[in-house]
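Peer 1: Each chain, written out:
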Amino acid sequence: MGINLDDLLRHYRSHIFEDYQVKTPHTGVISFEVEEGQAVEGPSGRWLQRPGTLLYILEREKNAKRIYASWKGQVTGIRSELEGHFVEADELVLFIRHRLDREEIIDRILTQMLTILRAPQQARYFLSSDILAGLEKRPEARIAIGPGDEVVIMSLMKRDTPISYRGEPGVLYKVYFRSGDIVEQGSPLLGVCPSDRLQYMQKVIQRIRTDWED
Amino acid sequence: MTDSGKLLSRLADRISYLIDIKGESTWGNLDELQRQVQDLHRSLFEIKEAELYKEIDRIEDRVSFLEDRIARRLTPAEVVNIVRSVQRFTLTDILENVYDSYTELGGEGECNIDPAVVVARATISRKVKNRLYSHQVMVIGHEKGRGEEYRNGGCARPWGNDKALRYMLVAETEGIPIHSFIFTPGAYPIEDYPGAAQQIARNIYAMARLKVPIVSFISEGGSGGAEAIGLSDLRLMASRGYYSVISPEGAAAIEGKIREGEKLPRDLVEHCASQLKITASDNLKLGTIDRIVEEPPLGARREDYGFFRRLRYEMVRATDEVVLRTKNFRAFRAYALKRQGEEKVSVPEDFDLVINWNLTELEIERLLELRSKKYRELGKGFFLKKSRGLGQKFRKAKAIASKGYYELRYGLLRLHHRNVQKVIEEVSGEGSVFFKKVAEPVRAAYDFVFPQPRRPAKVIRPDGPDRRSIFAEEWEPYVSPLANEDRTVTCPNASKYGCMDLWVPDLYGELCGVCPNCGHHFPLEYQWYLKNLFDKGSVQEFNNHIASGNPLGFQGFDERLRRDIRRTGRTSSIITFDARVFGIRLVVAMLIGSFRGGTVGTAEGEKFVRACDIARTTRRPFLAYVHTTGGIRIQEGTLGVVQMPKCTIAVREYIESGGLYIVVYDNNSYAGPVASFLGCSLYQFGIRSSRIGFAGPRVIRETTGKNVPPDYHSAKNALKRGHIQGIWDRRDFRKNLYEALTTMGGHNLYYR
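Each protein sequence line maps, in turn, to chains B and H. When the letters of the first sequence are read in order and numbered with this note's numbering, they come out as residues 63 to 276. When the letters of the second sequence are read in order and numbered with this note's numbering, they come out as residues 1158 to 1909.
What the hints contain is simulated information worked out from the structure, not anything from laboratory work. The model shown is predicted, which means the values in this text are computed figures rather than measured ones. Among the clues, some could well be false.
[As the list claims (entries may be wrong)] Calculated lysine-lysine pairs in the DSS-like style (CA-CA distance at most 27 Å, straight line):
(1) K1550(H) with K1560(H)
(2) K199(B) with K124(B)
(3) K1530(H) with K1579(H)
(4) K1579(H) with K1555(H)
(5) K1555(H) with K1284(H)
(6) K1179(H) with K1442(H)
(7) K134(B) with K1877(H)
(8) K127(B) with K1530(H)
(9) K1179(H) with K1368(H)
(10) K85(B) with K1653(H)
(11) K1877(H) with K1414(H)
(12) K1537(H) with K1550(H)
(13) K265(B) with K220(B)
(14) K1179(H) with K1205(H)
(15) K1543(H) with K124(B)
(16) K1555(H) with K1593(H)
(17) K134(B) with K1163(H)
(18) K220(B) with K1877(H)
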């Protein structure tokens, strides 16, 4: 893994925004409901049932389709010249400039740096007794994990199946669940960090937490 | 000084009770009085005794004056406040003070499947000539006090109502009367198994023919929640109680079109409370209750022992009355009982007579007959009847003639025919076995000598001759006027499943309003079903002379009714008719959404009951197709609420007489009707994309404080929890209905 953490940090510092393209889903006459620079909200609610800010209305065959923002951010590069005109499908009409916040950047770095162990199926998961005992003794301890170690126990239909770690050796950096929780299939269970990068990464995360302004 | 302390505490309680009733502390300087009492309490040992008592007397006089003033002009909104006050008596107070002893069943206090519902086996006694006689009863009711933190405000969850039902059946097994006490603002509107509506429907269905006397007492009767345990032979109501189709706040939010989260104007709430006719005297006038139990002028509180004495007397008397009505010889006892009711001011110490509350089989039959009759009469005279002149007379004569014909055909002749057929079947069965024994060796020898070539068995379809399932092939289909627009629409699932935009003439024409990609059903008008679901020309409407009115004189409702009548050409939200599906004759009740949102009032209830009776007389299957229903019509108040038990009783009698009752939900089906005469059907189906439930998401959010997922009321979820038995595609409705009729109706199609 030839990732230089300084480069990574520099990259995020220089790219604190992510620009999401908003394209027309089909042809039609467009009328914008937002202006350049306007702040917009993404979908909200527990089930994302509340749509975001209305961006534009695309009318085709007397069917006025309302298009809402899918991300939180600021409207940029709006093509106001298209207002009231017919546009083709897949036409880029505006960008939503989304500013990455502290947690999003940390999440991205962690995803890149850690080896993630994911839940093979929806079940109740427990940490193995060794890890649990280690964490109970010293919560801040970094427990070493190597390939083939039984790290998690999956409990399903009265049957306990030990799950072995298959990634790069390292130390347990993050536990994404509480022992005994039901975890959905594909959700992360553990994040393991190679020992040599641990210090670097902690430093970077620490700096992000202290320096980064949301 | 100790006495003065008690006096001050009592005064403080009285003042806070008045603040509860008025809903504000500034009225009559109540806040100032409250402050004075608190000051006196603090300086109890600092001021002279004479001075203290003088001050207490002064405040007491003032409080008494204010109490009289409120009592003289008590508004319906204030009655609601009385009922909601924490000082009001609750079910546990009744159990402790009205009954001699009791044992709570199905849990106790907090350790309970649903602490909002209390069930107890209790003993109630009466004194006759200085001798004590005890009766066993099953007490079922809501509890909102005595542990408010876990009582959930007296809102029964589905499993709480299930508990009530379980013990109703225990009472039936043991043959003891049921006393139900209603103290609920409404049922807890969650769709956890089996769903709030489904459980209430089950309760009402069971109570319709429960073979024991039921007496109910209403203090706070909140619509469906009240009906879940409220169907009874005699209904009493506290004079300062309320019984309503919806809370005044709920009505105000609907009437004033108040958006979620906005504050309700107090005037509007008070206006709605008076329009809904929720007080005991209003309900007595409407006939939705039978008798009022007098309370003190400002309502009974926990320590009003005189009231509990009266309540005991009234409960015993009411049960006596119910039991006595079932007896053959009751003239003198009924007279004595009537005389007992004349003591309005005070309750007598002794009863004049003892009445045994056990019923014989014959008396039980009479009890159920009377219950049915009582509920069938509810709401009659509150709907409009359009004059139809000669046609009306002709229709009436035809109804009488057809009733006579069907009674003869299916009553007398059918019974004998069945008996004779049964005997013939048994004799021929015996004969064939005997003949087979004798003839088998001869046949075997014959087959051996002259072997016959084997032929494949002929397949006989059980559904008779060749029939085509797609109605569009059989006649020129009805096309929705929605198809006349030249535009496209977007499927709501487009972002999820990538559905293409649909051209309206295609969608509402050839595609029958169904998205060809994801199968989403766009709403269609009821006429589409009338024309395409039933055999051509087979629909014959009846009882269309019964029309919705404004029985409570709800302000502004007449105009809204007129507008709907003009717009739809209908006079009620239900259409009842005879029809045929692939030749099978059936009776249909169709609730339509375009007239007052498909809400049910007295006219709709009456038409439904009559349709049910016609189906019973003519021995035909009965289909309730719900195009849309928004619940009970709030503008008809409790007259609407009582349509729930009324129609359920009719349905139960129809099903028990052997009928096949099928319910099909479409678009939106919510609240009262689903929680009673629709939800009680043994066979319920949903059309795809329909929503079925008890209360909408907003009501759930406002009452429970919980958000529900967007698909909470979907037909798929209703299927998952077993409310409906299947989801039908609109295009297969006709075919599926035919199959349901033949499958569930059995060999004779319907009628066992």
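Peer 1: Against which earlier hints does the structure fall short, listed by number upward?
Peer 2: The structure conflicts with hints 2, 3, 4, 5, 7, 8, 9, 11, 13, 14, 15, 16 and 17, although it agrees with all the remaining ones.
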